[in-house]
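4 protein chains.
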Amino acid sequence: MIRFNNDYNRNAHPEILKALQDTAAEAYGGYGIDEWCDAAKEAIHEYLDCPEAAIHFLVGGTQANYLAIEAMLDRPYYSVIAADSGHICVHESGAIEHTGHKIHQLKAEAGKITASQIEEEARYYAENALVEHITHPRAVYISQPTEFGTCYSLEELKAISDVCDRYDMYLYIDGARLGYGLAASDATLADIAELSDMFYIGGTKCGFLMGEALVITNPALDFGIRNFMKLNGALLAKGWLLGLQYHVMFKDGLYFEITEKAVRLAMRIKDAFNAAGIKCFLDSPTNQQFFLMTKEQQEKLAEEFVFEYIDPFDDEYDIIRFCTSWSTTEEEVEKLCEAVHMGI
Amino acid sequence: MIRFNNDYNRNAHPEILKALQDTAAEAYGGYGIDEWCDAAKEAIHEYLDCPEAAIHFLVGGTQANYLAIEAMLDRPYYSVIAADSGHICVHESGAIEHTGHKIHQLKAEAGKITASQIEEEARYYAENALVEHITHPRAVYISQPTEFGTCYSLEELKAISDVCDRYDMYLYIDGARLGYGLAASDATLADIAELSDMFYIGGTKCGFLMGEALVITNPALDFGIRNFMKLNGALLAKGWLLGLQYHVMFKDGLYFEITEKAVRLAMRIKDAFNAAGIKCFLDSPTNQQFFLMTKEQQEKLAEEFVFEYIDPFDDEYDIIRFCTSWSTTEEEVEKLCEAVHMGI
Amino acid sequence: MIRFNNDYNRNAHPEILKALQDTAAEAYGGYGIDEWCDAAKEAIHEYLDCPEAAIHFLVGGTQANYLAIEAMLDRPYYSVIAADSGHICVHESGAIEHTGHKIHQLKAEAGKITASQIEEEARYYAENALVEHITHPRAVYISQPTEFGTCYSLEELKAISDVCDRYDMYLYIDGARLGYGLAASDATLADIAELSDMFYIGGTKCGFLMGEALVITNPALDFGIRNFMKLNGALLAKGWLLGLQYHVMFKDGLYFEITEKAVRLAMRIKDAFNAAGIKCFLDSPTNQQFFLMTKEQQEKLAEEFVFEYIDPFDDEYDIIRFCTSWSTTEEEVEKLCEAVHMGI
Amino acid sequence: MIRFNNDYNRNAHPEILKALQDTAAEAYGGYGIDEWCDAAKEAIHEYLDCPEAAIHFLVGGTQANYLAIEAMLDRPYYSVIAADSGHICVHESGAIEHTGHKIHQLKAEAGKITASQIEEEARYYAENALVEHITHPRAVYISQPTEFGTCYSLEELKAISDVCDRYDMYLYIDGARLGYGLAASDATLADIAELSDMFYIGGTKCGFLMGEALVITNPALDFGIRNFMKLNGALLAKGWLLGLQYHVMFKDGLYFEITEKAVRLAMRIKDAFNAAGIKCFLDSPTNQQFFLMTKEQQEKLAEEFVFEYIDPFDDEYDIIRFCTSWSTTEEEVEKLCEAVHMGI
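Chains as they are written, first to last, in my numbering: chain A, 72 to 415; chain B, 72 to 415; chain C, 72 to 415; chain D, 72 to 415.
Hint data in this document are derived by calculation from the structure and do not stem from the laboratory.
These numbers come from a predicted model, not from an experiment.
All C-beta atoms in this analysis are idealised placements derived from N, C-alpha and C, irrespective of residue type, glycine included.
Honestly, I wouldn't trust all of these hints.
Claimed, not checked - Going by beta-carbon spacing under 10 angstroms, a handful of chain D positions derived as facing chain B:
# : residue
1 : R146
2 : T170
3 : H204
4 : H207
5 : L292
6 : G295
7 : L302
8 : Y380
9 : I381
What the hints assert, rightly or not - Within a straight-line C-alpha distance of at most 35 angstroms, the following computed DSBU-like cross-link-like pairs (lysine-lysine) qualify:
#  : chain 1 : residue 1 : chain 2 : residue 2
10 : A       : K350      : B       : K341
11 : A       : K178      : B       : K332
12 : D       : K178      : C       : K178
13 : D       : K341      : D       : K371
14 : A       : K178      : B       : K366
15 : C       : K229      : C       : K178
16 : A       : K366      : A       : K229
17 : D       : K178      : A       : K89
18 : D       : K366      : D       : K332
19 : D       : K89       : A       : K322
20 : A       : K350      : A       : K89
21 : B       : K322      : B       : K332
22 : C       : K229      : C       : K322
23 : C       : K350      : B       : K89
24 : D       : K332      : D       : K350
25 : D       : K371      : D       : K89
26 : B       : K322      : B       : K350
27 : D       : K89       : A       : K332
28 : D       : K89       : A       : K89
29 : C       : K178      : D       : K371
30 : B       : K341      : B       : K366
31 : A       : K366      : B       : K178
32 : C       : K178      : B       : K89
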């Protein structure tokens, strides 16, 4: 069976396993105070163009999201604005609310919300800034790429960042799959760093064993963040394990290389499906592709390939996800394209 | 100036003040363990037809709402379904999220949500009952009457209660203005008690100094509720003060009498406004009336009357609220109707 | 039966009931924005000598304590230092921990902790200021008078305030019975205001129906406090009810008058008990007196008087509390002293 | 330099690294639903003699502790009893309080508390079971071995478990270093499982990359625990990584083998130090040894060895920790013993 069901079903990239072996005899400081973490931060900084940014290594995306949002919302009545399809709204079991804060959900289109939607929401609260009976949005959460694989363009990010500045809100970007987004959008890592206050560079879904690098570009938000981490069980004793992986991935640009390749393979899949008359649910430029497929088509493909059922679309079609990742090979994609081409 | 701006701008009903004077020399047990609380509970029970119901006296509506919901959602990943116009969604500064729980907001019409809306939401979660990545609705919150003065009919309440039963969710009813709702709906206090698991009988907006009677008809939910109250600063040292007021209001039905009168007066206002060509924003059968008025109309009436601006409606009209309460007199209403009739 | 069991078993002072009657026809703004609250604040300010202090009216002591402490501990890893006999440690059902914060409990003597005890604790944390594995004390909580009726002297308060300043901690004073403390200590209300960052002037146990005036002398701590209140269900709709009572009590010094009298009567009781050979558990200069009494003595007195059993002391004696309050009369005290004098 | 400073300063045991390499080509289900997790649970169950036990794999000890305690304390006013030297009291940045619960700290001796201490505390609360003003202990937390390396004997554990049963409290055992404790105490893993309601088998400090296996022997406590995990960011996407490690360590008893060896080496160190006249701070039978050493002795040893300064003991001596671990070799210990023997 060839797996396209998600981007975290395999071990880590071979370079990471090799680094683990190579360092088997080393000893390290605990809790992320070690040479590998230092080296990894330096390697990441090469791409940030933001010397004042602080970097902290975390284990998972939900952890990164709620920690960051709890840190930004430093009064209990502060809230965060997000797309209603955002990961924090629908797939984190209420982790944000568990920190005590409300999410203002905006109706997303293809996973995205617009600067003007955000502004409309923010304006109401700004006009009622002194009202004690309502929550007050203090941050905006977006995902790049979104949960549906779509990306914000640099221009869109600038517009959102601008609204945030004007309404005194922080901008936080969930980068669980940031590598794939960087390969598909005109916004670079340096742009992301410049336009946001906090974001994370996802590792788990981009070839790591696990790991997310939280980047805090707004120095005021870095205060006490390691205490937050400890308090939430997010300060890994063997923190070097995260630093080592980020070093492997960023010292020579491997992170960008493998995510770019995954995106290229995903585009080939999209083309093959479209050519065979299978429509996209939406137009994703990244490693996640969502197709509209009949039960019959699914059954046929399921003989050789693993993919993910998402939701029913209508009486005839379901929404089906195909993912590429660091481990997807040209051969695997070739086989899938051929199968689709042969008729399913 | 004659005040129609809200239903809590005046002192308490004279009978309550009299009772306070009459009992000035008495001594009481603390924290709600006293004779007046006992007597008040007995008086309320006369209307409940629910011997197993427990009653606790609280100070305010927000307090009642978050305590009740925190008690019902006894796992951190449980959530509550509510109308998006519900008080807990828009006017309690995020108190529910502050307890750590998510609100699933359903699009309300005239302040109400329907059984089928609730069922549609609940069904999705029931089908995904074993999924750890999502919250799980465990309670439904509705207001009777709603924040827009509308009421659920007995049939509607039964349908909602039925959905709750089928999907293993508690039904909680916010009765901040319950008196006015009882006067306007065919659902009695006994119906409310039968169909819900918890609700409160609002005092603050119905002629009390302050006070809300939380009624827990589902005995399982009563466990430890006084500890919850203490923990949240909601166990009044001089709890007899609440009991005394509820006794005054329920021993001879005064609560029903004054809210019925307020509703009757509100209907007269509605008729007068409508007769004068001023349209209702929506059709409210209770003490809150929402009209569409021009700036000019508002200015003219504002010379003699106090009312509340709610929101803009369109370029021409604003939504304006007029409230009656226990203290509204026939004469005050007469003057308002006359003013409106004379042309504003 | 004559009641000495606590200081909240009676209705409010007659002047308060009278004011309620006198204002029965008035109308007010909601949520503490009204003329009575303004007038009350002005009256209290006369005693504070602290023009920058903000005052907010709350309903109960537990509510005041956890709100204040939550506001001071604005990072989740901040903690508060307190006497292990402090109300927040033993009688508020974990309300402080419910806000997410740890209390560092110091061993109290007669309800009090010393500046040097606090300093010793604070020093450890100051020396480990950069350690993420521990909580960091950011506030000190003391009660004036303490739960055992004892008082801090002005000198003691200055020493504690000084430690707080040096270790960058806020000082919060629980004044549930502050009136009695002011009558017994050389520290005035202006001293309290000068030396602390937040404190409250207790009403419930000093003759009010209910009410606590939270005084925030450190302007930075006032930010968003009304939102905190709303969020916690602590913003009373009819806030004028609290303002009115504080106005009655502070406009002509009635608050000081009645608490002084209660303390004077308590001293008479202490003298009478001591003269009769009944020892104090500790030397309290305020309205709460704790005596060591045999079961036999208790039974005899219980025929005519109500008092409170606290704890066993040893095999022979129990600790028994006698309280005076605004409503205690000279005659009642006379009868008690006589009964004790006659031999019990 | 030879490192004895802690037991988490090295990579993972070679067998774990080998397994990672061996499985590089495999694909897995996400979030702990995979074959390695299944196999690991089966392997652990071989030692538990508790078929009804559920096992969940977590990333760190603080995470395990607060998750378990939050799950046991399912009412906000429930609290947990612990030794005042317990990890949750002093080294987790207030994580337990962050979940909203109070810890009742009992004075520990050499890291341990006794059944009778626990009973005394529990009895007070049992006698006041209906009092709403206090928290109510619902769980007891102990560490095996303790933070000072000491162990509870089987008899002591039975006595504590018995008190818990009698007072309706859960027993939770923090097993961050459980392997070392099993090597030094007469209580087996099956005993631990029988006597507690929840505990975890520590991996991070016992040769893993990271990982803690939470064992829930009381089925009622397993309800919704994966939702708790997700909500707290503790559901690792590549959960197989934890399962794989536990499988390596438990399939043939490697876990026991390496921790036993580490304990044996620690005993050799203790003997050598004692023989050289260096006293123990306390008598630890496990891999952590605490010695009283002068500055001069420390400086001399620091030329070749890394160890950890804990606290000052008196004017002359400091408390110094030496740890062994899976990676400690006979040669390293030999060198240390020789150095000590030669005089330091």
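Here is what the structure says about each hint:
| no. | hint | verdict |
| --- | --- | --- |
| 1 | R146 | holds (5 angstroms) |
| 2 | T170 | holds (9 angstroms) |
| 3 | H204 | holds (6 angstroms) |
| 4 | H207 | holds (8 angstroms) |
| 5 | L292 | violated (12 angstroms) |
| 6 | G295 | holds (5 angstroms) |
| 7 | L302 | holds (5 angstroms) |
| 8 | Y380 | violated (39 angstroms) |
| 9 | I381 | violated (36 angstroms) |
| 10 | K350(A) to K341(B) | violated (55 angstroms) |
| 11 | K178(A) to K332(B) | violated (43 angstroms) |
| 12 | K178(D) to K178(C) | holds (12 angstroms) |
| 13 | K341(D) to K371(D) | holds (18 angstroms) |
| 14 | K178(A) to K366(B) | holds (33 angstroms) |
| 15 | K229(C) to K178(C) | holds (20 angstroms) |
| 16 | K366(A) to K229(A) | violated (42 angstroms) |
| 17 | K178(D) to K89(A) | violated (48 angstroms) |
| 18 | K366(D) to K332(D) | holds (30 angstroms) |
| 19 | K89(D) to K322(A) | holds (25 angstroms) |
| 20 | K350(A) to K89(A) | violated (41 angstroms) |
| 21 | K322(B) to K332(B) | holds (18 angstroms) |
| 22 | K229(C) to K322(C) | holds (28 angstroms) |
| 23 | K350(C) to K89(B) | violated (44 angstroms) |
| 24 | K332(D) to K350(D) | holds (23 angstroms) |
| 25 | K371(D) to K89(D) | violated (38 angstroms) |
| 26 | K322(B) to K350(B) | violated (39 angstroms) |
| 27 | K89(D) to K332(A) | holds (28 angstroms) |
| 28 | K89(D) to K89(A) | holds (11 angstroms) |
| 29 | K178(C) to K371(D) | violated (40 angstroms) |
| 30 | K341(B) to K366(B) | holds (19 angstroms) |
| 31 | K366(A) to K178(B) | holds (33 angstroms) |
| 32 | K178(C) to K89(B) | violated (48 angstroms) |
Hints 5, 8, 9, 10, 11, 16, 17, 20, 23, 25, 26, 29 and 32, counting from the list given before, are not met by this structure.
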